[in-house]
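Undergrad: Listed here are the chains, written in short residue letters.
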Amino acid sequence: MKKVIKQAFVATLPVMAGYIVLGFGFGIILRASGFGILLAVAMSTFIYAGSMQYVAIDLLTGGASLITTALTTLMVNARHLFYGVSMLEKYKGVGKRKGYLIFGLTDETYSLVCSDTIGLEGKELKDYYLLVTLLDHSYWIFGSALGAIAGSLISFNTTGIDFALTALFITVFVEQWLSTKKHFSALIGVGASVLCLLIFGKDSFLIPTMLVIALLLCLYKEKKKEKEGKQND
Amino acid sequence: MTENTYIWLSVAIIALLTAALRFLPFALFGNGRKTPKIIEKLSSMLPYAIMGMLVVYCLKDTSFSSLGGFLPAFIASAVVVLLHVWKRNTLLSIISGTVCYMLLVQLVFV
Chain A
1 MKKVIKQAFV ATLPVMAGYI VLGFGFGIIL RASGFGILLA VAMSTFIYAG
51 SMQYVAIDLL TGGASLITTA LTTLMVNARH LFYGVSMLEK YKGVGKRKGY
101 LIFGLTDETY SLVCSDTIGL EGKELKDYYL LVTLLDHSYW IFGSALGAIA
151 GSLISFNTTG IDFALTALFI TVFVEQWLST KKHFSALIGV GASVLCLLIF
201 GKDSFLIPTM LVIALLLCLY KEKKKEKEGK QND
Chain B
234 MTENTYIWLS VAIIALLTAA LRFLPFALFG NGRKTPKIIE KLSSMLPYAI
284 MGMLVVYCLK DTSFSSLGGF LPAFIASAVV VLLHVWKRNT LLSIISGTVC
334 YMLLVQLVFV
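Protein chains in written order, with our numbering: chain A, 1 to 233; chain B, 234 to 343.
These are computed hints drawn from the structure, not numbers from a lab.
Careful, some of the hints might be misleading.
Derived coverage of chain B by chain A (criterion: at least 3 residues anywhere in the stretch with Cβ under 8 angstroms from a Cβ of chain A; other residues may be distant) [stated by the list, open to error]:
#1 235-244
#2 248-256
#3 285-296
#4 305-317
#5 326-334
We put the beta carbon where it would ideally sit given N, CA and C, even for glycine.
Please construct the entire structure, taking both the sequences and the accompanying hints into account.
TA: Put into structure tokens, the structure is as follows:
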């Protein structure tokens with residue numbers, strides 16, 4: 001058990017750094033927008049989705065309708081569907097842990113549990129998944145609480161700190177770009193978004209963008225299949 | 234609806250839908266059923282497109298009517314990209330880009 005704890009802790013160190021900083025930023029912005037520590041902790045505990053929580057501050061301060069909030073959540077978090085799809089096999093037979101493992105499947109936790117774990121199997125591996133998920137979750141809650149507390153104590157000018165989220169997405173985007181030679185999907189994502197932003201305006205372009213992306217990615221598949229089909233003939 | 238009810242109701246909706254999205258694949262394909270090909274295909278391609286969309290979403294308030302409307306975001310984004318290609322250190326890229334942006338909007342393009 002000691003070995004598993006150590007391995008899980010070491011694996012989560014980069015996430016610890018990232019989550020405490022991003023959680024801290026979230027807490028500060030939430031506080032600066034006039035909300036309390038309780039809301040910061042509750043959101044980080046029960047929503048536990050970094051990007052969505054940042055977007056949620058925007059929605060709450062802007063007085064977005066509940067329907068807009070619901071649709072935005074589905075759009076921004078739709079990618080989690082796909083993390084789930086790729087964890088179906090690994091999370092088979094994890095027993096009672098399963099519910100929490102699925103709840104805590106964030107981008108960063110996903111990046112840790114989907115990679116190969118050397119030297120762990122059976123119960124140890126299941127405990128490893130649980131510990132990684134639990135540790136990441138606690139870093140996030142801790143960071144948010146700290147940010148919300150600090151936001152009320154210190155009074156430095158936080159204008160522009162929300163760029164941390166933009167920076168996070170750009171970093172992940174660049175990381176993904178460098179890790180593959182196929183850039184079709186990434187280009188579709190940026191292209192469709194810019195196009196829909198120009199056509200539909202900044203308040204309502206997310207939904208058309210998602211539809212265009214899904215459609216083009218499906219078409220891309222068929223096109224490729226046709227080619228393969230022709231080659232087979 | 235009071236302001237408090239509105240806030241907590243919004244948070245509850247976000248929490249429930251986020252969890253629903255995370256649980257749905259396991260509910261649909263969890264019991265040994267085979268994952269449809271199209272889902273597998275989308276699952277491998279969508280993350281790249283979504284990240285591109287989120288970047289554009291974050292930069293949606295950029296305006297080209299004044300230098301201050303786009304230069305801070307443009308410069309800070311370039312810093313993040315270049316630094317990340319160079320060092321591949323996520324935390325370094327995020328902190329440097331954010332500090333750069335904050336300095337630009339607070340001190341240079343006021």
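Undergrad: All hints, please: hold or fail.
TA: To see whether the hints hold, each was checked on the structure:
Restraint check on the region 235-244 of chain B versus chain A: 5 residues with Cβ-Cβ distances below 8 angstroms, three needed, restraint holds. Here's how the region 248-256 of chain B fares: 7 of its residues keep a CB closer than 8 angstroms to some CB of chain A, so the rule of at least three is met and the hint holds. Requiring three or more residues with a Cβ within less than 8 angstroms of a Cβ of chain A, the coverage given for the region 285-296 of chain B holds, as 10 such residues are present. Coverage of the region 305-317 of chain B by chain A holds. Counting CB-CB distances below 8 angstroms, 7 residues qualify, and the rule asks for three or more.
As drawn, the region 326-334 of chain B meets chain A at 6 residues by the rule of a beta-carbon pair under 8 angstroms; at three or more, the given contact holds.
Against the hints set out earlier in the document, no violation occurs for any number.
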